[in-house]
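A.B. asks: Fit chain H to the supplied structure of chain C, relying on the hints for placement.
Chain by chain, the residues run as shown.
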Amino acid sequence: MTSDTLKRLIAARGSIMVDPPLLQPADVFLDLAGEDLRRRLYLTQGPDGAELCLRPDFTIPVCRIHLDGGAAGRRAEYGYVGPIFRHRASASGAVTQAGVESFGRADREAADADTLAFAIEACRAMGVADPAIRIGDSSLFVAALDALGLPAAWRARLHRLFGDRVRLDRCLARAAEDAGNGAGGPAGFLAALEGSAPEAARAVVEDLLSIARINPVGGRTAGEIAERFLEQATLAAGAGIGEKGASFLSGLLDIHGPADKAGDAIADLTASAGVDLSAAIESYRRRLAAFAANGIDVSRIEFSAEFGRRLDYYSGFVFEVEGPAGVLARGGRYDGLVAHMGAGGPVPAVGCALWIDRFEIGGAK
Amino acid sequence: MTGPLVIAVPSKGRLQENANAFFGRAGLSVTQPGGARNYRGRIAGLDGVEIAFLSASEIARELAAGGVHLGVTGEDLIRETIADADAKVMLVTPLGFGNADVVVAVPEAWIDVRSMADLDDVAAGFRARHGRRLRVATKYLNITRTFFAEHGIVDYRIVESLGATEGAPASGAADLIVDITTTGSTLAANALKVLDDGVMLRSEANLVASLSADWNAATLDRLKIILDRIEAEERARTMREIRADLADAAGLATEAEAAFGARAPFPAAGGPLTLHCPAKRVYDCVAWLRGKGAATVTVGRLDYVFAADNPLYAALSAHIGG
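Listed in order, the protein sequences are those of chains C and H. Residue numbering for the first sequence follows my numbering, beginning at 1 and increasing consecutively. Residue numbering for the second sequence follows my numbering, beginning at 1001 and increasing consecutively.
In case anyone wonders, no lab produced these hints; they're calculated from the structure. Take these hints with a grain of salt, some might be off.
As the list claims (entries may be wrong) - To give a feel for the contact side, a few chain C residues facing chain H, derived at Cβ under 8 Å:
no.: 1; residue: Ala153
no.: 2; residue: Val204
no.: 3; residue: Glu206
no.: 4; residue: Ile225
no.: 5; residue: Phe229
Just so we're clear, the structure is a prediction, and the values are computed from it rather than from any experiment. Quick reminder that beta carbons are idealized off the backbone N, C-alpha and C, glycines included.
Chain C extracted, bound-state conformation:
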């Protein structure tokens, strides 16, 4: 019985088995994963009118259990096996998942390695001996954005597009040209403000809004509007990221290949561009060493610099394990999730989930 096998593996890691309620508040999922998830949720209503959903994944419910159980930053390891529910066009909406979630481990790279090792071991136990493994690490890209000293607006735009290469390339092209997109703003006025002290400029814009009798509605303050209006001024004044910055970033995103060669490839690229990413590269190498220490053959892992998830609580390392029937497991680091759920600052967290049904389709008995 597969679920017993998996429960044994989870227990062997010292993880606590949890079974979060099937019915979850829908709000949390929509807030964290975005409105696009709504069409895939099975929604219902509680007697008090609160919107509930059948759990569409385990990570968020497990995180809720963790937060209910004590201090957010404490160390804890959880495991689970059970169904999740998402609308699918031509198949049952109920799918069995198994996985682990780890909170509070400061030795991040070692925790990453333990998680990947669990996924591989579980695949083996389910009959897929040699799955393909792909890894990515958004913290390399983020470190590059920081090292280039980009204007805040461009940094934010590029950061949130990580994981969507098509849009990211489009944004890079615009950032390289520019000149800012200037949002088609009143360039002359912005140019006149450019260079004045920030507080003074902000006061001018706030005054203009009140002279025009425009009342700030819709949850944004006049100060906030003024601030972004001036940010546009910086962009319009030509603070783009330059041809060089853009080509460095797309060169970085292009790097892919065996994981054990990628560290050198990144180091070579940064050296020739004169950009210092040593801390991020160091962390990447520590993680590979931890993989090797777990008996994982790193030369067979595929690294892809552009690989990531477009969910803002994912914070670095991600992986995907693939077998004959498609993706069997997905995991990654989500240090931002606990904070997004209202528990103060970031807490180290990493986990993965396996699609149990796909092993059976794959003919693995």
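C.D. replies: This is chain H only, laid out in the frame that chain C set:
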């Protein structure tokens, strides 16, 4: 025993008046025996056809489910109510009324936001600043989700609004809205502005066909009659008949077709040159005919122009058959 062809028509308001007028023009006068309380009607002089009076959004749902064969409703409701609308219904022809745009509107005070790209910036930074997502009030949940996804905007929440959506930013229920507007005056009165690239859909009422309704020989036969009349009326409405006392009718007709898109409907007949000319080109065509020596030119309106082909029926039956 096969059932009738069912046409769903809006059950109240201007949309109903306009829809009835549209069918009336096509010689399909809708009768509602027993007055406005009756939710079933007929078309005078045409058996095997039933009219169902439904609300506009019900019409969209019924079309998707195949409960009615044809319906008159706004494209906005089709796109909103039906997932993968193009696989389930076909927009047969736009009707020229019920025009409204579905737009993204933000407070006028947001002078830094003019485009969807700006909105993306604001949405992305919103949680860090305010501890919650940017909220969009709308009744168009699906259209909004699709449009925002196309623009790569993910950091927002939808607040479902079933009326007076334009008041949501002022009342604090939401930060911006997605709503329909015809003139923009309601938006302006609520200190809202439409984003430069924020028009999601230019909607109008359409005659819509369900692809999953029971299409059999009997209903297809009724469909053909109905579309034939609609087509004949539409063709007539957009054309004028021009008659001129000119010889060499055949040669001139060929020239007129090339120059004005005017066609000779009766090529075999003798007598004065007769042309059906697009209404917009009539005066140009008349001037040209007089230049050719016509002493008298008459222009008349047409009620119906029945032709051998029926493109609406051909397109729809190809869809149903496929």
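A.B. asks: Now tell me, hint by hint, if it's right for this structure.
C.D. replies: Right, here's what the structure says about each hint:
| no. | hint | result |
| --- | --- | --- |
| 1 | Ala153 | holds, 7 Å |
| 2 | Val204 | violated, 12 Å |
| 3 | Glu206 | violated, 11 Å |
| 4 | Ile225 | holds, 6 Å |
| 5 | Phe229 | holds, 4 Å |
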